[in-house]
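Participant: With chain A fixed as given, assemble chains B and C onto it according to the hints.
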Amino acid sequence: MQRIGVFVCWCGTNIAATVDVAKVAETLKSEPGVVFATDYQYMCSASGQEIIKNAIKEHNLTGVVICSCSPRMHEATFRKTVQAAGINPYMLEIANIREQCSWIHKDKEEATEKAIILGRAAIAKVHLNAPLTSMESPVVKRALVIGGGIAGIQTALDIADAGFEVDIVEKQPTIGGKMAQLDKTFPTLDCAACILTPKMVDAGSNDKVNLYTYCEVDKVEGFVGNFKVTIKQKPRYVDATKCTGCGECTTKCPSRKNPNEFNMGFDNRGAVYIPFAQAVPKVATIDPDDCIYMKTGKCGLCAKVCTAGAINYEQKEEFITKEYGAIVVATGYNQIKPTEFEEYGYNNYKDVVTSLEFERLMNAAGPTGGHLLRPSNGKEPKKIVFVQCVGSRGQSCRDKSYCSKICCMYTAKHAMLVKDHYPDVDVTVFYIDVRTPGKNFDEFYRRAVEEFGVHYIKGMVGKVEEEDGVLKVQASDLLANAQIHMDADMVVLAAAIEPDKSARPLATMLTASMDTNDFFTEAHAKLRPVESPTAGIFLSGTCQGPKDIPETVSQASACAAKVIGLLAKDHLLCNPCVAHSNETLCNGCSTCANVCPYGAITYEDRLVMDKGVRETRRIAVVNEAVCQGCGACTVTCPSGAMDLKGFANRQIMAEVDAICR
Amino acid sequence: MLNTKISKEDLERISGVNTRKCMKCGKCSATCPNFDAMDYHPHQFIDMVDKGNIAPLLESKAIWTCLSCMACLQRCPRSVEPAKLIEAVRLAVVRQQGENRLAAEDIPELLDEDLPQQAIVSAFRKYKK
Amino acid sequence: MKYSYYPGCTLKTKAKELNNYAIRSAAALGIEMEEVENWQCCGGVYTASTDEIATKLSSVRALAQARDKGQDLLTLCSACHNVIKRTNNEILNNEDFSMKVNNYMGSDMQYHGETKVVHYLEMLRDVVGFDTLKSKVVNPLKNKKIAAYYGCLLLRPGEVMAMDDPENPQIMEDFIKAIGATPVIFAQRNECCGGYQTLNDKSIAQSRSEKVVSSAVKQGADCIITACPLCRYNLEANAVTELPVIYFTELLAQALGVKEVQ
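So the sequences go chain by chain: A, B and C. Here numbering that gives the first Met the number 0 is used: the first residue of the first sequence is 0, the next is one more, and so on. Here numbering that gives the first Met the number 0 is used: the first residue of the second sequence is 0, the next is one more, and so on. Here numbering that gives the first Met the number 0 is used: the first residue of the third sequence is 0, the next is one more, and so on.
Please keep in mind that the hints were generated in silico from the structure rather than gathered at the bench. Wrong hints could be hidden among the right ones.
[Stated by the list, open to error] Here are the computed lysine to aspartate or glutamate pairs in the EDC-like style, where the Cα-Cα straight-line distance is at most 16 Å: (1) Lys217/C / Glu464/A; (2) Lys23/B / Asp476/A; (3) Lys418/A / Glu449/A; (4) Lys378/A / Glu464/A; (5) Lys15/C / Glu112/B; (6) Lys13/C / Asp105/B; (7) Lys11/C / Asp113/B.
The shape of chain A in the complex, shown without the other chains (with noise of 0.2 Å):
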């Protein structure tokens, strides 16, 4: 027999307004097997550490029952508890009367009666617990960053900073992503390329980066601290170890009609191309779509013109396989195209754009040399109407529900610059709320409206249309309770940003969490903002929530920081609740090893004595180093041969049989 100790926890009032700590403790005490209760305010804290360590000496205890909030909580700290004194870890038990039971009811003495029930059950179980050792597994000491913008990058350097190898897979030609094409960056108005590129070329040219440009994520397996991850390397009918990125390629190519991705097609680029002076790497890259030669099989001009020899038009799609310690996410956002905006008027009128497209358009290395002209004429704009959070915040089926959080700095910015280079232009803003909580940010929005004198209106934008070559814009004044028009030479939509696409795949092959945006969950939104649920995946920006470059950055450090943590053990203790059979009923079906996510079980031929007969049967065999104890074998096994340590399947029934006592 057990001797068992119960602890409830108060949580403060968390649970103690709603349950009747007291009484429960006083209950649980009649339980067959247990010899002490008690109730406590704050059983996590060290005093209440303390309680349970002297109770455990005091009364022989052999198991724990902690009645408080959430394992996913507290269980760590609780066992590392008891194993202090003397038990072993997994001789305890939490009860949930947090999240399950005092925070959903409000009636206290159903509340009460349902927090003795948990605690019930959770005696029931630790009456068959079992000591349960952790095994060890090595830890690999490279970490891969998925993403090479400047998340990804910043991750990376502050990895390699720290010793440790480090490959970044981007699924571009070159790293930068988004802020390559931004112009200048609020709230500092430090221009993007000045600080980001450096970061690039220093991300390029480091002995412990290595840089997967052109590549995906094709197939993840393994666990935290041995993962095994297959990257494909997608052609570029290019031989980056030849190409110089000279670009006489590029200025050759006959194709020219191929809209530029980098300056938002407001310009062409040939078939083959670099996609911007400072890419890293520096190495041309075909497009097999656009190439006159891989579509006809005549030109072959770039072959010609390469004086390295770097043309191969024959180069196939490889796959490269590596062992990794930690993945980190940093897939980053798109900004949302809003052609489902159309009282906008964005799909048929030139002069609508949205803010990344504006960007180009300011940018020196964009497509007008910096010069503000407007896409339907070349002519420069004498009034700009911008508008905010174009399908952020909204509930209806073309919206996004949350707030996009960069718009309304990147529109002061855009309304400041324009003032700025050409102060004859009227800016106006139409917002809703202007959300400026960063450092130097409402100090910077005040800027564009006392110094610069941009607009700003409180009300939406309802219509746009164009008339003569000049927009017309319908708008509330909400201030002025009036409908106001206005004209226009340009219309800048501050359009959602979204997460990119690749995230929902990529989430899938991690088996990490995503919300219903598609944004990366964190293991907890507060004390484990960069790391997934899922044990060795972090994450690393915008990923996981809108954010600016410096929120990004710094997310982007802590995440390092986080793999650098992991990376510098060399073991790590495995999870010790692992599925194991029972050879006397494993019939060798198989049907275990085609659910097990992991690939942890194998069969072997194996004699068994089994009612006096010896015969040599087909048993199968878990990897405890692989199995990760998700119980999906335990389930399926017809015979009932599979079992999972520390929640076999008769704990499961003693804590049901507790409940319905």
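Facilitator: Frame of chain A, contents of chains B and C only:
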């Protein structure tokens, strides 16, 4: 005599509109093609009903001049759908005795040779109980 | 293919040509339109309030009759289409409404949203196909610049009507291309003509119509096409700027060579 004892709850029930969903962006009034002919505008209907300030709306011109074109309903980012609330206020008036906006005897004078029947039946449905 | 067809009040009187050209063209395309027996007027406007039941029963009866014949219900007038499709949607998605409606209906005519409501334009696009239509055109309307006027009723509420993108529709433009003409896109194509104000406050109908017609003229349109008799009346009678306003079925019949009765 117009009974003005119409509550916010009455209007929310008739319309199915939840005024609390509004984020006060003004898109409804920005996009309304008949703004100038309305003494109270779509965003004001939401705001005033939300605050229980309903009497002025019952006597407003806007309940008769709203085009029922659903531009505000279609483009509202929060799916508040102001057009339904304006209609509910209008119904709260025409359902009262003696508050019909249109009488059958008015019709002959309004007719012309090309006027489609649709104009008459829809006017009856909108303005008469 | 055979449809139950709901013509509505105006198509039997002031808008006979909208109706007649549609039937003739459909026949040329192998589509039969079987008029719903004893149909009643839809009321011309859908009352969106949650507590209006009786005004929607005429639509329900037409829907139930189509269901009994195992046919989709074809509509032509924008207003009828709006009223009937929204009524059908409400029955499908609002249990309380559905129960109350069926309490009014006879026990032999219970209806639970089984019928599919199809606008004539949707039939052209999804059943006939604009490519097929194009191949059957004998008099392509070359060099004609046509502005498609959707108004409000065909497209809104977008989630219920689901005919096309409510802000950037294509269906009528694709129709115009199929009959060999050139579509003209104008910003007011999905803004209201003020039709419901015709009897209440003519000045509103006038200013709205003028805005629509002048917008089409500025984009260089030769004419406007519509599916709604009230829109047509309004744009012709109440706008100052003059531009021919034609039912789309008339151009369809012309293109198919069935405009003149044999």
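Participant: Next step is simple, just say for each hint if it's right about the structure.
Facilitator: Consistency of the hints with the structure:
Distance hint between Lys217/C and Glu464/A is fulfilled; the C-alpha atoms sit about 12 Å from each other, no more than 16 Å. Our distance criterion of 16 Å between C-alpha atoms is met by Lys23/B and Asp476/A, whose separation comes to about 12 Å. For a cut-off of 16 Å, the pair hint linking Lys418/A to Glu449/A stands: about 12 Å separates their Cα positions. A C-alpha spacing of about 19 Å is found between Lys378/A and Glu464/A, which places the hinted pair above 16 Å, so the restraint is violated.
A distance of roughly 14 Å separates the Cα atoms of Lys15/C and Glu112/B; the hinted pair therefore holds under the 16 Å criterion. For a cut-off of 16 Å, the pair hint linking Lys13/C to Asp105/B is broken: about 20 Å separates their Cα positions. For the hint linking Lys11/C to Asp113/B, the alpha-carbon distance of about 14 Å falls within 16 Å, and the restraint holds.
The structure fails hints 4, 6 (numbered hints given earlier, in ascending order).
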